Amino acid sequence: MQPNPSDNPKILLVDDDQDLLDVYKQILAQMPSKPEVFTAANGARAVAMLEEQSFSMLICDLRMPKMDGLQVLSIVRRKHPQLRTVVLTSVIDEEFRSRAYSIGVDLFWFKPGTDREIHLFLECLESLLGREDQIGFRGVQNKSLVDIIQLECISQNSLVLRITNGPLVGKIWIQDGEVIDATAEDLSGEVAFKGILTWKTGSFESLPAEPEHPRNIQKSYNALLLETVQAIDESQWQPQATDAAPAPANAGALPLMLLSRFEGAEFALIVDSTPAGPFEARGLENPEALANWARQTMQRFTPLADALRAGNLEQIECLGPQRSAGLAALGANILCMGWRHDLTVDEINDRTRKALIQWAS
Amino acid sequence: MGLLNLFPKAPGNLTRLPSGCFTVDRTGEVVASTLPQSFSAELVGEIATQVLATFRDAQAAHLPLTELVVRYASLKITARELRGGAIVFLTPQTLAHTQN
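Line by line, the protein sequences are chains D and H. Here the first sequence is numbered in our numbering, starting from 1 and rising by one per residue. Here the second sequence is numbered in our numbering, starting from 1 and rising by one per residue.
The set of hints was computed from the structure by calculation and includes no laboratory data. Treat the hints with caution; some may be incorrect.
Claimed, not checked - If you want a taste of the chain H side facing chain D, the calculated C-beta under 10 Å gives, among others:
id: 1; residue: S40
id: 2; residue: V51
id: 3; residue: A53
id: 4; residue: V70
As the list claims (entries may be wrong) - Quick look at which bits of chain H chain D covers, simulated, 3 or more residues with Cβ under 8 Å:
id: 5; segment: 20 to 26
id: 6; segment: 29 to 36
All values reported here derive from a predicted model rather than from experimental measurement. All C-beta atoms, glycine included, are put in the ideal place defined by N, C-alpha and C.
So here's chain D without its partners, still in its complex pose (with noise of 0.2 Å):
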């Protein structure tokens, strides 16, 4: 029976050259996976088809007129976070390949020129797309982080997980079937535990278990899932039943209280980015002008790494002879940090990561 071609991956593939679109969609056929191949002439076009419809996989030449392929990539890490990305090039520079994994790019090929150099591009593609889920875990398709926890338990297994999203990264010490530690950038145990669950998306890895880690945890995994759970969906549950409107709001006055107690803080602003949204501020008399600002200064340096080719924007520090400040996005909201004036740059900029995975938590 002939499978279902809607079910079939789709693959948007862009080079400016025809020819080599023709012969590559004729490759990609060969798949086993029996993709859906589309293919765009130039960057722009394929960011318009991506706006009208989904895909699983961009594959991207770099040099193309116009825009080229790393401003693509740059644009589309950005609007499509999930979508898997391919640079198929020729362009042998390390800078280009480098940049290309800075912006976020899930492999960096040079464009095949025998039969086992297509056969081991197409088998990379086939596991990338294998590895394809909207919410899940990377490595493990369509299971949550919570599901994959369990089964490391079940199976009585010792091992730690390292997990990152983004620039979150968390870590879970299993031993013998039972958490036993977990910390995430300055937090630990059960804290960091939970913080770490409430993670969507991301990537892990499993490596050596640690049996000499001390045991911070000390409640069974079971107990330990299920409450985590619960906490999660009544966290989810609550805005909507209350129809009330998305964060900042949502981030309550607990975490501010919490943000504004880190070392050398002086104040914590969370800000919807969108013009005149919400805020929420800790430490400030008057929020409203620098709300304004953090949220200007966020919309100011985001277009900007589209045209740079520099990847996401992932961090501001502010150095001010009476303060100083770090902002940060995270979904639709930002964090403004106010550190005290005589903190380095440095500093500013480790702290400001560090309150952003405790906001995110």
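Position chain H relative to chain D; hints supplied.
Frame of chain D; chain H shown alone:
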């Protein structure tokens, strides 16, 4: 399949990340630059405009600033305030370059 590489494309407009600095006065005019000429003057002007506006608006929001560091995934922009103008450093942040 060597056919695929028979007709390599001519070098296109793939630009390298800029590395260097420029100075801009309070009116937004670039007065000195060590950036490569291949880096678009339009983009230099755009960075200058956004940096000056950020310093100016921060002052208006009672947060006077002396330095601004904008971190992209592969580029860092460091701007220091110079009596209404600014000196702006652009530093690539890819694996091939030193971090921070």
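Any of the earlier hints contradicted here, and which numbers?
Violated hints (numbers, rising): 5 and 6; every other hint is consistent with the structure.
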